[in-house]
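From first to last, the protein sequence lines stand for chains X and H.
Per the numbering used here, the first sequence starts with residue 1, numbered consecutively.
Per the numbering used here, the second sequence starts with residue 1, numbered consecutively.
Do not take every clue at face value.
[What the hints assert, rightly or not] The list that follows gives simulated cross-link-like pairs (lysine to any residue, SDA-like), each with its CA atoms no further than 25 Å apart:
#1 X:K52 / H:G226
#2 X:K52 / H:G31
#3 X:K52 / H:A51
#4 X:K52 / H:D223
#5 X:K52 / H:Q237
#6 X:K52 / H:H167
#7 X:K52 / H:P77
#8 X:K52 / H:H29
#9 X:K52 / H:D89
#10 X:K52 / X:P13
#11 X:K52 / H:H50
#12 X:K52 / H:L41
In short, the hints are calculated from the structure, not lab data.
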Amino acid sequence: MIRLRIFINEIGPDGELTERLAAELDVRGQQLEFTAGDSRLVQVGMPVYSAKYGRLIDFDTDGEEWARNLPSAYRSGALYVTAEEVADPGASQHVEKLPAMAFAYQHRT
Amino acid sequence: MLDAPTPAYAPHHSPSAGVNSVLSGTADHGGRRWTLFFKPLYGVDQPTAHAFGQDSVVDLGLHEVAAWWLARELGPPWSDLVAPAVWLDPPGALDIRASGPVIFGMGGAPGVPEPGVGFDQLVSDAAFFDALIGSQDRHDGNLRSSRAPSLGLIDHGFAFARPGDYHNSYPTAGFFQRLRFGQRQFALWHGPVLDYSGVGPLSPALAAHEQAALAKLIGTSGDLLGIAQLLPDDRAQALRERARRMHRAQEILPAADF
């Protein structure tokens with residue numbers, strides 16, 4: 001089973017960046033269980049590249065493989081996804097990592 | 001603001017480098033803090049880029065800069081819509097993959113609030129821009145908005161497409177162009193139907209300011225207001241042809257028509 005977490009960020013009028021977990025779902029085979037958040041953000045039709053298939057696939061091709069590769073579909077900086085392989089409710093192995101990093105960026109004139 | 005010294009990178013969420021890494025940071029300027037995003041080329045998922053016909057990660061990064069350059073040269077409303085982007089070569093970097101675009105953090109959150117009331121003109125202006133740059137990936141998450149209403153166009157790597165290039169198959173891809181051509185509902189696979197019936201009637205026919213923008217773009221000496229310097233010849237020619245086709249037809253191109 002693959003557990004997907006979808007994070008979005010918002011930039012306020014003061015320029016401050018705030019991030020939040022916006023949606024969470026579990027993909028087991030071709031079953032998709034939405035567990036929390038905003039279902040509009042679960043982009044099941046988003047094509048993702050799969051090395052296993054050697055091409056872009058979507059959820060209907062292979063649900064778990066799609067979910068496993070979904071993090072690679074996002075590079076906008078506004079939304080990112082983590083995928084976690086969950087063997088059982090009590091144990092999990094992290095297989096994808098969070099794409100967002102940060103740098104301190106000081107301006108000098 | 002972006003002419004800044006070497007950023008000091010620090011982990012934000014994870015100590016590991018990420019797939020499609022995007023680095024976020026801040027710049028202090030003019031007495032306030034601004035959010036920036038840095039997209040080093042090493043973070044590009046190359047198989048995905050290849051599927052979009054974007055085989056050069058350098059070009060893919062430059063497209064962010066080219067999109068902003070075009071918007072800046074065309075002026076308002078597009079210069080207000082498109083995220084400003086400049087190229088960053090981190091001092092001391094020995095590999096081009098450490099370089100990439102630094103992009104201004106447009107305000108708001110991903111997506112347009114349903115049903116889209118008040119977004120008519122912003123949608124129309126965004127559709128023109130996406131048609132012009134040959135956007136391959138403008139789905140409802142590749143934008144920022146707030147209820148003000150405000151709109152920011154982000155993520156222009158998969159753009160400046162050539163005829164026949166792949167267009168994202170996601171139901172909301174080509175979002176603004178589809179809205180301008182009359183679509184108001186987007187049925188998500190295994191999900192809800194997004195309803196933007198609050199967006200008023202729009203037409204693909206060019207407005208006066210769009211006709212003037214195209215005349216300015218294709219009326220120059222052929223360098224497309226300087227954007228041709230940033231693009232390979234085939235992508236520059238495709239941009240030139242889209243501008244000419246829109247100018248001749250007096251309407252924007254539909255999604256996926258490159």
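Now the hints, each set against the structure:
1. X:K52 / H:G226: violated, 42 Å
2. X:K52 / H:G31: Cα-Cα ~50 Å, so violated.
3. X:K52 / H:A51: The given pair, whose Cα atoms are some 15 Å apart, holds under the 25 Å limit.
4. X:K52 / H:D223: Given pair X:K52, H:D223 is violated - Cα atoms ~43 Å apart, limit 25 Å.
5. X:K52 / H:Q237: violated, 36 Å
6. X:K52 / H:H167: Between X:K52 and H:H167 the Cα gap is close to 22 Å, so the pair holds against 25 Å.
7. X:K52 / H:P77: Violated, because 44 Å separates the two Cα atoms, which is more than 25 Å.
8. X:K52 / H:H29: violated, 47 Å
9. X:K52 / H:D89: violated, 35 Å
10. X:K52 / X:P13: Roughly 44 Å separates the two Cα atoms, so the pair is violated.
11. X:K52 / H:H50: Judged against 25 Å, a Cα distance of about 16 Å means the pair holds.
12. X:K52 / H:L41: holds, 24 Å
The structure does not agree with the numbered hints 1, 2, 4, 5, 7, 8, 9 and 10 stated previously, though it agrees with the rest.
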